[in-house]
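S.K.: Each chain, letter by letter, is given below.
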Amino acid sequence: MGKMIYMDHAATTPVHPKVLEAMMPYFTEKYGNPSSVYSVAQEARKAVDEARDKTARALGCRPSEIIFTSGGTESDNAAVRGAALALRQGGDHIITSSVEHHAVLHTCQSLEKQGLEVTYLPVDRYGQVGVDELEGAITDRTSVISIMMANNEVGTIQPIAEIAEVVKSYRQKGRNLVFHSDAVQAAGALDLDVNKWGVDMLSLSAHKFYGPKGTGVLYLRRGTPFTPYQTGGSQERNRRAGTENVPNIVGLATALELAQTHRESASQHSRRLRDRLIEGILSRIERVQLNGHPTNRLPNNVNFVFEFVEGESILLNLDFAGIAASSGSACTSASLDPSHVLLAMGLPAEVAHGSVRFSLGTANTDDDVDYLLSILPGIVAKLRAMSPLTQTPTS
Amino acid sequence: MGKMIYMDHAATTPVHPKVLEAMMPYFTEKYGNPSSVYSVAQEARKAVDEARDKTARALGCRPSEIIFTSGGTESDNAAVRGAALALRQGGDHIITSSVEHHAVLHTCQSLEKQGLEVTYLPVDRYGQVGVDELEGAITDRTSVISIMMANNEVGTIQPIAEIAEVVKSYRQKGRNLVFHSDAVQAAGALDLDVNKWGVDMLSLSAHKFYGPKGTGVLYLRRGTPFTPYQTGGSQERNRRAGTENVPNIVGLATALELAQTHRESASQHSRRLRDRLIEGILSRIERVQLNGHPTNRLPNNVNFVFEFVEGESILLNLDFAGIAASSGSACTSASLDPSHVLLAMGLPAEVAHGSVRFSLGTANTDDDVDYLLSILPGIVAKLRAMSPLTQTPTS
Amino acid sequence: MYSDKVMDHFFNPRNVGMIQEADGVGIAGNPVCGDLLKLFIKVKDDVIEDIKFQTLGCGAAIATSSMVTEMVKGKTLEEAKTVTNAAVAQALGGLPPVKMHCSNLAADAVHKAIEDYEGKRPGKKSRESLFKGEAAEAGVRGGREAPAYDEHLHHEIPEEED
Amino acid sequence: MYSDKVMDHFFNPRNVGMIQEADGVGIAGNPVCGDLLKLFIKVKDDVIEDIKFQTLGCGAAIATSSMVTEMVKGKTLEEAKTVTNAAVAQALGGLPPVKMHCSNLAADAVHKAIEDYEGKRPGKKSRESLFKGEAAEAGVRGGREAPAYDEHLHHEIPEEED
Ligand SMILES: Cc1ncc(COP(=O)(O)O)c(C=O)c1O
Ligand SMILES: Cc1ncc(COP(=O)(O)O)c(C=O)c1O
Numbered sequence: 001m002g003k004m005i006y007m008d009h010a011a012t013t014p015v016h017p018k019v020l021e022a023m024m025p026y027f028t029e030k031y032g033n034p035s036s037v038y039s040v041a042q043e044a045r046k047a048v049d050e051a052r053d054k055t056a057r058a059l060g061c062r063p064s065e066i067i068f069t070s071g072g073t074e075s076d077n078a079a080v081r082g083a084a085l086a087l088r089q090g091g092d093h094i095i096t097s098s099v100e101h102h103a104v105l106h107t108c109q110s111l112e113k114q115g116l117e118v119t120y121l122p123v124d125r126y127g128q129v130g131v132d133e134l135e136g137a138i139t140d141r142t143s144v145i146s147i148m149m150a151n152n153e154v155g156t157i158q159p160i161a162e163i164a165e166v167v168k169s170y171r172q173k174g175r176n177l178v179f180h181s182d183a184v185q186a187a188g189a190l191d192l193d194v195n196k197w198g199v200d201m202l203s204l205s206a207h208k209f210y211g212p213k214g215t216g217v218l219y220l221r222r223g224t225p226f227t228p229y230q231t232g233g234s235q236e237r238n239r240r241a242g243t244e245n246v247p248n249i250v251g252l253a254t255a256l257e258l259a260q261t262h263r264e265s266a267s268q269h270s271r272r273l274r275d276r277l278i279e280g281i282l283s284r285i286e287r288v289q290l291n292g293h294p295t296n297r298l299p300n301n302v303n304f305v306f307e308f309v310e311g312e313s314i315l316l317n318l319d320f321a322g323i324a325a326s327s328g329s330a331c332t333s334a335s336l337d338p339s340h341v342l343l344a345m346g347l348p349a350e351v352a353h354g355s356v357r358f359s360l361g362t363a364n365t366d367d368d369v370d371y372l373l374s375i376l377p378g379i380v381a382k383l384r385a386m387s388p389l390t391q392t393p394t395s
Numbered sequence: 001m002g003k004m005i006y007m008d009h010a011a012t013t014p015v016h017p018k019v020l021e022a023m024m025p026y027f028t029e030k031y032g033n034p035s036s037v038y039s040v041a042q043e044a045r046k047a048v049d050e051a052r053d054k055t056a057r058a059l060g061c062r063p064s065e066i067i068f069t070s071g072g073t074e075s076d077n078a079a080v081r082g083a084a085l086a087l088r089q090g091g092d093h094i095i096t097s098s099v100e101h102h103a104v105l106h107t108c109q110s111l112e113k114q115g116l117e118v119t120y121l122p123v124d125r126y127g128q129v130g131v132d133e134l135e136g137a138i139t140d141r142t143s144v145i146s147i148m149m150a151n152n153e154v155g156t157i158q159p160i161a162e163i164a165e166v167v168k169s170y171r172q173k174g175r176n177l178v179f180h181s182d183a184v185q186a187a188g189a190l191d192l193d194v195n196k197w198g199v200d201m202l203s204l205s206a207h208k209f210y211g212p213k214g215t216g217v218l219y220l221r222r223g224t225p226f227t228p229y230q231t232g233g234s235q236e237r238n239r240r241a242g243t244e245n246v247p248n249i250v251g252l253a254t255a256l257e258l259a260q261t262h263r264e265s266a267s268q269h270s271r272r273l274r275d276r277l278i279e280g281i282l283s284r285i286e287r288v289q290l291n292g293h294p295t296n297r298l299p300n301n302v303n304f305v306f307e308f309v310e311g312e313s314i315l316l317n318l319d320f321a322g323i324a325a326s327s328g329s330a331c332t333s334a335s336l337d338p339s340h341v342l343l344a345m346g347l348p349a350e351v352a353h354g355s356v357r358f359s360l361g362t363a364n365t366d367d368d369v370d371y372l373l374s375i376l377p378g379i380v381a382k383l384r385a386m387s388p389l390t391q392t393p394t395s
Numbered sequence: 001m002y003s004d005k006v007m008d009h010f011f012n013p014r015n016v017g018m019i020q021e022a023d024g025v026g027i028a029g030n031p032v033c034g035d036l037l038k039l040f041i042k043v044k045d046d047v048i049e050d051i052k053f054q055t056l057g058c059g060a061a062i063a064t065s066s067m068v069t070e071m072v073k074g075k076t077l078e079e080a081k082t083v084t085n086a087a088v089a090q091a092l093g094g095l096p097p098v099k100m101h102c103s104n105l106a107a108d109a110v111h112k113a114i115e116d117y118e119g120k121r122p123g124k125k126s127r128e129s130l131f132k133g134e135a136a137e138a139g140v141r142g143g144r145e146a147p148a149y150d151e152h153l154h155h156e157i158p159e160e161e162d
Numbered sequence: 001m002y003s004d005k006v007m008d009h010f011f012n013p014r015n016v017g018m019i020q021e022a023d024g025v026g027i028a029g030n031p032v033c034g035d036l037l038k039l040f041i042k043v044k045d046d047v048i049e050d051i052k053f054q055t056l057g058c059g060a061a062i063a064t065s066s067m068v069t070e071m072v073k074g075k076t077l078e079e080a081k082t083v084t085n086a087a088v089a090q091a092l093g094g095l096p097p098v099k100m101h102c103s104n105l106a107a108d109a110v111h112k113a114i115e116d117y118e119g120k121r122p123g124k125k126s127r128e129s130l131f132k133g134e135a136a137e138a139g140v141r142g143g144r145e146a147p148a149y150d151e152h153l154h155h156e157i158p159e160e161e162d
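Chains as they are written, first to last, in the numbering used here: chain A, 1 to 395; chain B, 1 to 395; chain C, 1 to 162; chain D, 1 to 162.
Because the hints were derived from the structure by calculation, they are not lab data.
One or more of the hints may lead you astray.
[Said to hold, decoys possible] Ranges of calculated distance between the beta carbons of each label pair, as one might list FRET restraints:
| # | chain 1 | residue 1 | chain 2 | residue 2 | range |
| --- | --- | --- | --- | --- | --- |
| 1 | B | Pro-25 | A | Lys-18 | 14 to 20 Å |
| 2 | B | Ala-161 | A | Gly-90 | 44 to 50 Å |
| 3 | A | Lys-18 | B | Gly-136 | 57 to 63 Å |
Here the structure is a predicted model, which is why all the values come from computation and not from measurement.
Ideal placement from N, C-alpha and C gives every residue a C-beta, glycine not left out.
Just chain A, same shape as in the assembly (with noise of 0.2 Å):
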C-alpha cells in the first residue's frame, strides 16, 4: 500500500510525539494516585495541577473551572445532564440544535425519557442555527442550551458569541440559563477564550488536537449550577469522580498547549490545502456539491456528496488507493443511517448517503492533495459506471 495518507483529522489524531513523550513518565515511574499524601503520588498531583493549569490558559479561565473528564462524549454527557438536573426545579426545557453531535443528541433523548422537554432547533442549508429562531425557542421553562461550536461532519461554524448575547440578555432579567457549547472540533482552529465567546460550559476532547484518546475537558463556569454526573471520590473538587488519568491529563494539556500555539500557522496551512482540494474536486467532478458554509467553516474541513454513489464504497476505494477519508461521522458509522447532519441541512437521503469528509491536519501536503485529486475522479467515475441510477439511456 505504501504511504498512507491520512485525512480523517476529524475523527481522531494521532499522538503528538511530544505528547507521547510528557504522558511517559507518569505510567511506570510517577505512577501515584494524585490523592495520596506521599512522594510519588505528589508528584503525580504537581503533574496534574499543573496540566489544569495549563488547560486554563488555553481557555482564559480559572483552574478551578476545569474539569478533566474521559473524552468529548462524557463532557457532553456531565454538561447537559448535570445542568439539566441541577435546574430542574426551575426549569425543565433544553435547546439544542439539530445538528449537535450524538453526545448532545443522544443525551437529550435520554433526558426526554426522563421527563425533561428537548427543542431540536433546525439550520439552514448550510448547518447553521438561526439566532433569532433560538431566542424564539426560549420558554419560561427553558434551563440549558447546548449548541456546538463548529460541526464535526461539515465544518460549519455556529454564531456562539451571538447565542451568549442573548442568553446574556434573559440572565439579566433574573432568568436562570446556562448555555453550554461542544466545542470539540474547535480546537486547534478556533480561539477558545470562553469570555469571548460567553459561554458557561464547553466540552473538549484531547483526541482531536493530537493529544491521547479518552480524555477530554469540561469548562464550568464558576457558579453554573451543576449536579456531578459521575459520583464517587472526591476527585476534581467533587465535580467528577474516578482516579485521574494522569499521564492522559498531562497529554490533553501538553496537545492544547501546542495546538493554541501552532493554531495561526496550522490553520493557515490547512485553510490553503482545504481551499485547493475543494477547487479540485468542483472543477474534476461533476455533480457534486460541498456541503457546509462556503467561508464560515473550520480550517480542516471538505465535505462532499457526490450523486449516485454511496460514500462507504468511495471510502474503501480511497482506502486501497492509501488514503483515510470519512463518511459522515465515524462516531455512527456503526449505524447505516444517513447523516442526520446531512438531512437536516436538507439533503434527500438518498443523496446524503453519498457523503465524504476529508479533514485535513498538520502532515498533509500539497503532494497529498495533488495525489487525491489524481485518483479520486476515477474513483467516482468507476462506481458511477456500476450504478443503476446513472443509467441514462437517452436524455
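With chain A's structure known, arrange chains B, C and D with the ligands on it following the hints.
M.R.: For chains B, C and D with the ligands alone, kept in the frame of chain A given last:
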C-alpha cells in the same frame, strides 16, 4: 530519600512494562478511530476486539458481555444507574452495603435524590455483610443489589456466591433482580469467573492491576436490563458512547491476562509478606488493632489502627523514611472524615482516624517488610509522645 | 471489517453491467437506505445463462451483488430460487453484523428477477426502461411490485453472535 | 501537598511537651475530627514566657501547633490575642484548602490558654488534670467551656482561590 518502597497498591499500581509495551503502537502509529473503515482504523478495531476477547476469557464470559469504560468509578456508576433506571418501572429499591466504595455509595445517594430508595446494609466488626440480613432487606420493590467483592480499605471479602444464590432463588420466583459486584480490588487476587460468582454485573479498573489509569470494565450479563449511562455514538454496541481509548483498552486486557496468569504466585507472595507484616506489627507495637477479617481478606491487605495517633502523621513519617502507604481510602483523602468503612465496622471516630493501610504488590520483598517493621514502632512512639491523649500521669 | 472475499468481490466485481434484452429484471434495496441493486437475467431452458448487475451501495451491497451472480449463473431457476441472503453472506466469508440486514439483498434481487421472468412469459414486457437517470424515487418504484424496502428503513444493530 | 515550612515544623516541631505548673491551658479540636491540640503557657508580667504543646493530629495540626508557639512566645498577652488561625497558616506558607478549616486551630488554643490564665487569676485552678489517658470524651469536655468542636464536625471542601 534513596529507595522508595511502595506499599499502596490498593490505591494504584505502576503500569507493567509489558503492558506499556503493548499500548505503545496505538498512540502514534495505529492511532485510527476504531469506528472508521480504512486500514489504520481497522488495526485499532482489531486491537479492541482482541482486548475484548482476552478480557472475556479472564471473566469466563462472552466478548459481547464486556463493556470498556473509563475506570472503576464509571463502571460502578453505569452498573447501578444503568440497572436501576432500566428496572424503574417494576422496582425502585436498591440494596447495597455501608462499606462500598464511594463510587457505589455516592451513586446510590444521588439516586435517592431522584426518588429511589436505598438500603445500606450494616456489616459486622470484620466488615462483612450478613447474607440473611441481605435477604431480609429484599422487598417487592427491590431491583438492584450491589455488594463489593472485596473491600478496598480493610480487604474483607464478601460472600458474593452466597448472595448470588439468594438472588437466584428470588429470580426463580419471577422477581427481576440484578446483582452487581464491584470487583475493583479483587482482580489479581481472586478468581474473576462471573459464572462461579453468579453476578450479573461486575466492575474492574485497570490501574489496580498494573494496567493504565482511566480504563475499566463493566461486565454485563446478556439479557440484563440496562439503560446506557453515557450516551452518544454507537460504540460498545450502543451501551457506552465515546471514542474508544484504544491504547488503554489494549493495556487493560494485557494487564488482566498477566494478573490472571500470575494470580496464584502473586497472591502467595503477598500473603506471606502480609502475614509477616501483621505479625510484626502486633508483636512490636502496643494498642494496635488489625482491621478487617482476620483470614477472609485480600492477600495483599494490611490495615491497622494505632491508638492515640492520627493516620496522616504516620504516613508523612513513613514517606520521609521512603515508604508509601495510605490512610483509609486514597480516594477520600481530600475529605477529612474518618473512613466510613471503619465507622461501619463499629470503630469510634477518634480511633478510626488512626488507621493506616499497607497494600502489597509484586515488587515488595521481605527486606521491605523488615525495613518497615524496623521504623514503624519508632514513628508511632514519637507521635504518641506528642499526643495529649497518651498523658496518663499516674493510672 | 470486511473479509478478503468481500474485498475481492468489491474491487473486482463479477458480471457488472446490464443486459439490454433481459428476460427478467429484479430490483432490491432503496437508495434512501443507501443501497439499490438491479439484476438482469437471460434464461434459456430454465437455466440462468447470463446475469449482470448494477449496484449503488456500500462494500457489502456491491460484493453480495457480485457474489450472487457467480452463485446462480448456470443454475436452473429452481436452484436459483433457493439462494438466500444468508447463503450469499456465508459464501463471502461472513459480513459485519451491522451489514447483515441492509446491504445483503442480492438474493432478493435474484428472486425478483426470476419472478419477473416467470410473470412475463405469458407475454409481459420488461419494466427496465422505467429506471431512468437520477430520478431515484421513480426508480425504486419502478418494479412490478414496490420492493419491500420498508423493513430496511429502520435499522437495529443485531445481537452479535460471538 | 504541604509547603516546606509545614514539613519543617511537622518533622521538627518546636516547643513540644507539657508544662507541669502551667499558668494557662488551652484546648482546641476534637479527636472525633482527628485533631486535638493542647497548649500550656507560662505567663510573667503579661508576657508569654514559655509555651508548650501536645497535639494529636495530621501534619497541618502538628505544624500549626508548632508554628503558633513560635509566633507567641515572648509576646504580650495582648499581642498573642491578635494571632489568628489564618495568620498561622500564612506564616507556614499556606495550607492545602481542605486543611484550612479543620486542622488549623492552633490560634484558638492560644486564645483559650490566655482565657484560662485570665479566668484563673482571681484564684481558680487549672483544669489540666482532667485530661487523663485515652478517655477522649472526657478529655475534650475538660476545658472551662466545651470547645467549639461542632462547627468542625461536618467538613465541606471550600471554594479554592486560584
Ligand atoms: C463535535 C463532537 N462532539 C463530541 C465528540 C465525542 O468525543 P469523544 O469521542 O472524545 O467522546 C466528537 C467526536 O467524536 C465530536 O466531533
Ligand atoms: C473498590 C473500588 N471501587 C471503585 C474504585 C474506583 O475506581 P477508579 O479509581 O478506577 O475510578 C476503587 C478505587 O479507587 C475501588 O477501590
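S.K.: Look at each hint and say if it fits the structure.
M.R.: Hints, verified against the model:
At about 18 Å, the beta-carbon gap between Pro-25(B) and Lys-18(A) stays in the expected band of 14 to 20 Å. Under the hint 44 to 50 Å, the C-beta atoms of Ala-161(B) and Gly-90(A), about 48 Å apart, fit the expected range. Taking the beta carbon of each, Lys-18(A) and Gly-136(B) are about 59 Å apart, inside 57 to 63 Å as hinted.
Hint compliance for this structure: no hint is broken.
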